[in-house]
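Q: Dock chain B against chain A, hints included.
Number of protein chains: 2
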Amino acid sequence: MSILEIVSKVNMTEETWNESLECHSIIPDKFDGITYYRVVKKVEQLKKGAVVTDSGIIYDFPRIARILHLENGIKLAFNNPFYVEEKIDGYNVRIAKIQDQVLAFTRGSYVCPFSTDRLVDFFDSDSFFKENPDLIVCGEIAGPENPYNGESPPYVTEDISFFAFDIKTKNSDQQISIEKRYKLFDEYQIPSVTRFGRYTSSDIKDLKKQIQGLDEKGCEGLVFKPTDPTEKTVKYVTVGSCLRDMKITSSLMIEYQAEFFTHRMLRSLFYLLEHRSNLDDTFLKKTGEALLQPLFESVKKVAGGEVITERFKVRFNKEQNIKKLFEHFHKCKVDANLIHQEKVGQYWHVEFVRRCFPSYEVIKKHWDGHSHFD
Amino acid sequence: MSILEIVSKVNMTEETWNESLECHSIIPDKFDGITYYRVVKKVEQLKKGAVVTDSGIIYDFPRIARILHLENGIKLAFNNPFYVEEKIDGYNVRIAKIQDQVLAFTRGSYVCPFSTDRLVDFFDSDSFFKENPDLIVCGEIAGPENPYNGESPPYVTEDISFFAFDIKTKNSDQQISIEKRYKLFDEYQIPSVTRFGRYTSSDIKDLKKQIQGLDEKGCEGLVFKPTDPTEKTVKYVTVGSCLRDMKITSSLMIEYQAEFFTHRMLRSLFYLLEHRSNLDDTFLKKTGEALLQPLFESVKKVAGGEVITERFKVRFNKEQNIKKLFEHFHKCKVDANLIHQEKVGQYWHVEFVRRCFPSYEVIKKHWDGHSHFD
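One line per chain: the protein sequences are A and B, in this order.
One gets this note's numbering by counting positions in the first sequence from 1 and adding 386 to each.
One gets this note's numbering by counting positions in the second sequence from 1 and adding 386 to each.
So that you can see chain A by itself, here it is in the shape it has in the complex (with noise of 0.2 Å):
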């Protein structure tokens, strides 16, 4: 099908989606030979994140609301029963078929070339999309060697793993219903994130334990999704994983949000107070060390001429996917270098190093002398 005739799925005229390529407010964008457009700022019905193909519209992912306090979270939230199912801290790929290849799109609606090399492992993606080839996956890709994301799943002790949440279906921002959802996971062996079940408001204790287990184990958090449509998702994390997202980031604090991490430390809070834990002097140090180890060592390493950077590991199939990878890191503007790479076994072992130069040009100019108004 032509793009305006894609595009007139969502009554998009000629008009607007050639004005939009020239504003730039969607960019067109290659990989292997499928073109594919990125919106990159919200035009109509369109968000920031979607992605227009020729095979049909990935509509964006959408953000999900947060609460502080599970339980009277969960009582404003949800008057009818809801799922309940893991948070899992990684990074969100919608995978679609477009045209005859299966690729995986980042929030950012770029197709990452890791996410799709390594698609063939996840499932088994032919016989899935040859039977639906208008549904969209959507899940997260987590665990130790990853190239984005810091931080993993403790079951994920090394590699990968893929973890499906929803099912979209192209051209509608709408899911399908979570049972159908389920069904296809296990009909297709799709491997999903661990589900918790149906529950009612009323459960409140039972949530309680669960969250409480996870925070043990060192899990993220959990997600829950209505079976009344006009109700919202809504997701809760644990005080643990506010504390590793403080000390998996603080390295760089001065090239995140601020708001990062004085959110994570109320979210931390109550999350003490609601589950009846107490802010003891262990915990009062772990957030210390958390908010300042890591930058102490950026600081140091500036201080001794050295430039801040974080290493990563990833395994690849197909070594033509490794170009890729850098080739998608050179247009988001991550300086990103291939150390070593080597066929071990099945994998393309890949080791690389990304340089992180504003954190390190503030410090240097700090620590030079040069003075600043704050």
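Errors might be hidden in some of the hints.
You can't tell identical chains apart in this list, so a pair holds if it fits in one copy or across any two.
Simulated pairs of lysine-lysine, DSS-like, Cα-Cα distance not exceeding 27 Å [unchecked claim]:
(1) K672 - K516
(2) K687 - K594
(3) K699 - K717
(4) K434 - K633
(5) K461 - K686
(6) K687 - K595
(7) K672 - K633
(8) K618 - K750
(9) K686 - K633
(10) K686 - K595
(11) K591 - K751
(12) K591 - K433
(13) K699 - K686
(14) K595 - K751
(15) K709 - K556
(16) K671 - K603
(17) K709 - K603
(18) K603 - K621
(19) K434 - K717
(20) K717 - K704
(21) K671 - K729
(22) K566 - K729
(23) K591 - K686
(24) K751 - K621
(25) K556 - K427
(26) K729 - K699
(27) K569 - K672
(28) K704 - K687
Derived by calculation from the structure, the hints in this document are not laboratory data.
Note that the structure is a prediction, hence the values are computed from the model and not measured.
A: Structure of chain B alone, referenced to chain A:
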């Protein structure tokens, strides 16, 4: 002199003056029958914070550039000798004679009724301004019993004290020379900030000792003032001051800029690294405590149905000025309520409570279970 004659001294036309009033860049206000004009948005050379009166223009008090590395900062800032003074944690006032009254203006360009009431306790302003009607005495009011600032120097153990540090001339943004300034402070017995004397950048060892001494005593830091007018004033603070800043404000973390906290974390690490102190467990715990404990108490309060408040004690000479302080708070949209006032000896002792609604409302919404996007 008429206001138009006054502003013509800074080359402002009648048209610009009238426009500025119309578009509220300059706002008229009144204190004790004296009309003054607050610059709230830059108009030509008059910046936010400047005050226009029929006795002349009081320029804004300029922000001072900060260095994070003492040695490198001093070496970069100064090729010529500079004076070193203590930086004091209080609030800034500009004291000037307008018509026949001596008034204290806040950084926000209001007449501060409290500070103005207490001027008589600071120095003999009658004789100073009789002989120097065009001068403006700039300084810090600091101490545990002030109506604005939660911190105070360790050596002001009750009430407040005034510490002059600059003298400016009306209708000019220039300071008078440091030597002349010190002479005037001494001649009129105007209490001023601790002067450490004249240094050059080769005296860095000595300066490090000074700052470490201040840190041990619980003082805020140092200000470095050039003798060469082409060089600029810079400031440098102790690690202890960073910790105290965080501790005193974190109960209201939500209504502060998040950078307030991340900047202080970075500053404290720079201090520790330069002065070869360790980032030890005690410091990590203290930082965690400073950031979390007061915020935890705020969340607990709101969870228990209480509003977050801050309690202040202040002393006044004249009873009628108490009411004026509350009128001032009302204008500044500060929700302050008088709790108690009583004449004890020379002073009216006043207690009031500030209710911190922005923090309260955000915490309350979260606690009640409302979801949000972040």
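Q: Using 27 Å as the alpha-carbon threshold, which applies to K595 and K751: within, between, both, or neither?
A: Only across copies: K595 and K751 sit 24 Å apart there, 48 Å inside one copy, limit 27 Å.
Q: Within a copy, between copies, both or neither: which one fits K461 and K686 at a CA-CA cutoff of 27 Å?
A: The answer is between: 20 Å across copies meets 27 Å, while 48 Å in one copy does not.
Q: State whether the alpha carbon distance between K729 and K699 is at most 27 Å within one copy, between copies, both, or neither.
A: within (13 Å within a copy, 72 Å between copies)
Q: Between the shortest in-copy and the shortest cross-copy C-alpha distance, which are at most 27 Å for K591 and K751: within, between, both, or neither?
A: Classified as between; 22 Å across copies, 52 Å inside a copy.
Q: At most 27 Å between alpha carbons: which applies to K699 and K686, within, between, both or neither?
A: Cα proximity of K699 and K686: one copy only (24 Å, versus 43 Å across).
Q: Quick one: K704 to K687, C-alpha cut-off 27 Å, is that within a copy, between copies, both, or neither?
A: So K704 and K687 fail the 27 Å test inside a copy (35 Å) and across (57 Å) alike.
Q: If the cut is 27 Å between Cα atoms, do K709 and K556 qualify within a copy, between copies, both or neither?
A: neither (29 Å within a copy, 66 Å between copies)
Q: When no copy is named, should K672 and K633 be tagged within, between, both, or neither for a Cα gap of at most 27 Å?
A: The answer is both: 9 Å in one copy and 17 Å across copies each meet 27 Å.
Q: Up to 27 Å between alpha-carbons, please classify K603 paired with K621: within, between, both or neither.
A: within (18 Å within a copy, 47 Å between copies)
Q: Is it within a copy, between copies, both, or neither that the alpha carbon of K556 lies no farther than 27 Å from that of K427?
A: The answer is within: 20 Å in one copy meets 27 Å, while 51 Å across copies does not.
Q: Using 27 Å as the alpha carbon limit, work out where K566 and K729 are close: within a copy, between copies, both or neither.
A: Result: close neither inside a copy nor across copies, 40 Å intra and 76 Å inter.
Q: Using 27 Å as the alpha-carbon threshold, which applies to K687 and K594: within, between, both, or neither?
A: between (42 Å within a copy, 23 Å between copies)
Checked against the numbered hints given earlier, the structure breaks hints 1, 4, 12, 15, 17, 21, 22, 27, 28 and satisfies all the rest.
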